[in-house]
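Residue-level listing of the chains:
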Amino acid sequence: MDATLHLLSLTSPGWGGVLLGGLVASLQVAFGGYLLGLLIGTGGAAGKLWGGPILRDLLEVYTTVVRGVPELVLILILYYAGTDAVNQLMALAGLPSVDISGLAAGIFVIGVVQGAYSTEVLRGAILSIPPGQIEAARAYGMSPLLALRRVTLPAMLPFALPGLSNLWLIATKDTALLAVVGFAELTLVTRQAAGTTKAYMTFFLAAGVLYLGITLVSNLVIRAIEKRALRGMTRPGGAA
Amino acid sequence: MKNLLKSAAVALLMGVAAAGAAAAQELKVGVAAEPYPPFSSPDASGKWVGWEVDFMNAVCAEAKVKCVLTPVAWDGIIPALTSKKIDAIMGSMSITPERSKTIAFSDKYYNTPTAVIGPKGVKFDATPEGLKGKVLGVQVSTIHADYAKKYFGPVVSEIKEYQTQDEANQDLASGRLDAVQADLITLQAFLDSDQGKACCEVKGNVKDDPEILGAGVGIGLRKEDTALKDKFNAAIKAIRTNGTYDKISKSYFTFDIYGK
Amino acid sequence: MSEVQIPSAYVAPKGRSLFEPHRIFLMLVFAGLIFCVAWFMRWDWLPRYQDRLIYGIGQTLLMLFSTAIVGFLLAVPLGLVQVTGPKPLALLARGFCTLIRGTPLLLQLWLLYYGVGSLFAQFPEIRSSFLWPYLRQAWPYGFTALMISFAAYEGEVMRGAFAGVPRGELEAARAFGMGRFTLFRRIWLPRAIHRALPTLTGETVLQLKSTPLVATVTVVDVYAIISRVRQETYLTYEPLLLLALIYLCLTGILVYAFRLLENRIPTKGV
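Just so you know, the sequences run in chain order V, D and W.
For reference, each letter of the first sequence is one residue, going 1 to 240 in UniProt numbering.
For reference, each letter of the second sequence is one residue, going 1 to 260 in UniProt numbering.
For reference, each letter of the third sequence is one residue, going 1 to 270 in UniProt numbering.
Just so you know, these hints were derived from the structure itself, not from any lab.
Treat the hints with caution; some may be incorrect.
[Said to hold, decoys possible] The calculated lysine to aspartate or glutamate pairs, modelled on EDC-like cross-linking and capped at a C-alpha distance of 16 angstroms, are:
1. K150(D) x E211(D)
2. K247(D) x E62(D)
3. K132(D) x D107(D)
4. K149(D) x E232(W)
5. K229(D) x D107(D)
6. K198(V) x D208(D)
7. K120(D) x D194(D)
8. K120(D) x D54(D)
9. K149(D) x D54(D)
10. K84(D) x D84(V)
11. K101(D) x E224(D)
12. K101(D) x E232(W)
13. K198(V) x D194(D)
14. K223(D) x D107(D)
15. K134(D) x E62(D)
16. K150(D) x E238(W)
17. K231(D) x D107(D)
18. K250(D) x D54(D)
19. K198(V) x E158(D)
20. K247(D) x D54(D)
21. K64(D) x E98(D)
[Unchecked claim] Calculated from the model, a selection of chain W residues having no Cβ within reach of chain D, i.e. all distances over 10 angstroms:
22. F19
23. F25
24. L73
25. T144
26. G160
[Stated by the list, open to error] Per label pair, the in silico range of CB-to-CB distance:
27. R23(W) x I225(V): 38 to 46 angstroms
28. E135(V) x R259(W): 31 to 39 angstroms
29. G153(D) x Q137(W): 17 to 25 angstroms
30. D51(W) x T127(D): 23 to 31 angstroms
31. F65(W) x L145(V): 47 to 55 angstroms
32. A90(W) x R223(V): 15 to 23 angstroms
33. S251(D) x T64(V): 50 to 58 angstroms
34. S66(W) x M201(V): 37 to 45 angstroms
35. T64(V) x T199(W): 15 to 23 angstroms
36. M201(V) x G160(W): 31 to 39 angstroms
37. G153(D) x R223(V): 54 to 62 angstroms
38. R223(V) x W132(W): 44 to 52 angstroms
39. L220(V) x G160(W): 17 to 25 angstroms
40. Q195(D) x V29(W): 51 to 59 angstroms
Note that CB positions come from ideal geometry on N, CA and C, so glycine has one too.
Build out the structure end to end from the sequences listed, making use of the hints.
Written out as structure tokens, the structure is:
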């Protein structure tokens, strides 16, 4: 195994550079997908809480389906169907078919999956805000949007943080599933490198270290954010 | 602020439109995202290299189309073509009647025999009798998988399907398989490697069945893209006659892989 | 703007009657969609694969339950030593949980199968041992990876559950003169498992959703069968839609079964 360590060097014939490229691709997809998921989640939570009955039921279907079907299967369906749908829409609008990059498709897929979970996390967090706080905002004559921005969103943050940080960690690991559709993220390039050089252990362990690094760094950042968001709050176990 | 936003939006739209227009002239050529040496595999700098990559460059230059190599998961490569994620397949895909129901093919650009390899020291040959009770490995959704299921399926103890040829080879070397069936050239590349030399040898070629094994490897295309097909056919003929094909092949193989 | 309702107090949706007018409308829409899917898509392959699909579902469930049960048995000591074990052991257990939870399952699985699996083959002693017929198959690797993953996630839950059992209960048990082992067996473990039960539904559903990964190392489960359908029929969507439906049903049944189970366990005082 020591004999294969030189394969990890950053320049050719080492595969280190390729692995780092894969790491960057993974992080891009995780980050993009997470943000898209938050966006969907915010809309979804608002829809579930204050939307009409039809919207509420549709959102329920969305979150149930996404949470009940393996990510791997969703990724396969969305990866093909997503591109297909966009191009059919473009054709309907009389536009030339666009070329959807693997990155965009990956972000879309991860985002849709994350969106369902974010919806639930944010909905739960909004429900945990003491109603008095929102009533007070209304009593001050704030418009609904202003109340949302100034009171509801900041007040729910401490409740949402544990769930949201968990989702981020899931997002970074879910990107590995894109290997199955041939997107060159960390896990796939690792397999390519391992297959070509036959140094399976070396490369899989190296990728493991990189993933673990993401998780550990994320944990540090999350802890810092939680400390800031929870300042001035005293709740038993609130900092968990 | 509003104006700034508006102009940013316009710029973005124009950017998208420009990207769409540029993409329309580029041809996305799909190869399997799994390494398939010596035809196509990524090297340590992440670049795809191999005979088929050189062939693609030559054919596209001849046909005057701009080709972009796009790695796609092999088991989804036909859906990727039909759902327009890619525009052509140059992934050592054999022309078979079954596949021709779904997609179109150019003329063949290489054709090599199908062989079975196994560990040294065990004597058997590439017949149903020889493979009786053995665990046979093939790459998923290949002609070899179809062939193995039809001819060896009833007698072997198990047929294992792998995402990549490489993994099947790896499992043969690590003793989890008794035999692997695949294209002779790619197997030869494995047998020439240190790992392959140590463990395995060719057991023989399988009996031909054109219905399954097809008539050589062609460029996979959507059925409606007939103009592209004509272009590629002309280009293949041209590089066959002007010596480019032989020049590329010489740096990889000692014999003519075009076949009869 | 005034029609936007701010939740002065969130009103839970009224009784979940299926026959509210909008629900009937939605159901009609869905029925139409399902009809379109059934009518315009190709399903003629279904009878040919029926037997294999049922076999695949069986394999998936076998994988799910065997890994969840063994994983849970492993999670108990993992959680316990983190709460009460000697320092080095506690650190080891915590490191193990962090390691497994911090890396993708797919990578762990490939490391086990292609990395560790090919190491085994290099030792003639292993190749000639009685274990080899098992080690050369794929399922032990899939089983190990899934089991370890379940143990690590559930171990974290058990750690919280062990730590969360009220001190007073343990002290009371000690006051009754219970020995360390009796106390653990009679009080601490049952109370901790009781506390961890509600998370078990979620973890088991997550485990179900992880099982298709084993298909990437040639284990034949329902996902692998559907992949085979895709490759043999060149259909993109139909097999995948069916697969999604199968998993959705399995999830539904699991959740329902766990709810029945939870109702039978008295939750008084938890």
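Structure-based check of all given hints:
no.	hint	in the structure
1	K150(D) x E211(D)	11 angstroms, holds
2	K247(D) x E62(D)	15 angstroms, holds
3	K132(D) x D107(D)	36 angstroms, violated
4	K149(D) x E232(W)	12 angstroms, holds
5	K229(D) x D107(D)	9 angstroms, holds
6	K198(V) x D208(D)	32 angstroms, violated
7	K120(D) x D194(D)	14 angstroms, holds
8	K120(D) x D54(D)	34 angstroms, violated
9	K149(D) x D54(D)	33 angstroms, violated
10	K84(D) x D84(V)	7 angstroms, holds
11	K101(D) x E224(D)	13 angstroms, holds
12	K101(D) x E232(W)	12 angstroms, holds
13	K198(V) x D194(D)	10 angstroms, holds
14	K223(D) x D107(D)	14 angstroms, holds
15	K134(D) x E62(D)	46 angstroms, violated
16	K150(D) x E238(W)	25 angstroms, violated
17	K231(D) x D107(D)	11 angstroms, holds
18	K250(D) x D54(D)	12 angstroms, holds
19	K198(V) x E158(D)	25 angstroms, violated
20	K247(D) x D54(D)	10 angstroms, holds
21	K64(D) x E98(D)	31 angstroms, violated
22	F19	39 angstroms, holds
23	F25	32 angstroms, holds
24	L73	28 angstroms, holds
25	T144	15 angstroms, holds
26	G160	38 angstroms, holds
27	R23(W) x I225(V): 38 to 46 angstroms	41 angstroms, holds
28	E135(V) x R259(W): 31 to 39 angstroms	35 angstroms, holds
29	G153(D) x Q137(W): 17 to 25 angstroms	19 angstroms, holds
30	D51(W) x T127(D): 23 to 31 angstroms	29 angstroms, holds
31	F65(W) x L145(V): 47 to 55 angstroms	50 angstroms, holds
32	A90(W) x R223(V): 15 to 23 angstroms	20 angstroms, holds
33	S251(D) x T64(V): 50 to 58 angstroms	56 angstroms, holds
34	S66(W) x M201(V): 37 to 45 angstroms	27 angstroms, violated
35	T64(V) x T199(W): 15 to 23 angstroms	19 angstroms, holds
36	M201(V) x G160(W): 31 to 39 angstroms	34 angstroms, holds
37	G153(D) x R223(V): 54 to 62 angstroms	56 angstroms, holds
38	R223(V) x W132(W): 44 to 52 angstroms	47 angstroms, holds
39	L220(V) x G160(W): 17 to 25 angstroms	21 angstroms, holds
40	Q195(D) x V29(W): 51 to 59 angstroms	57 angstroms, holds
When the structure is compared with the earlier hints, violations turn up for hints 3, 6, 8, 9, 15, 16, 19, 21, 34 and for no others.
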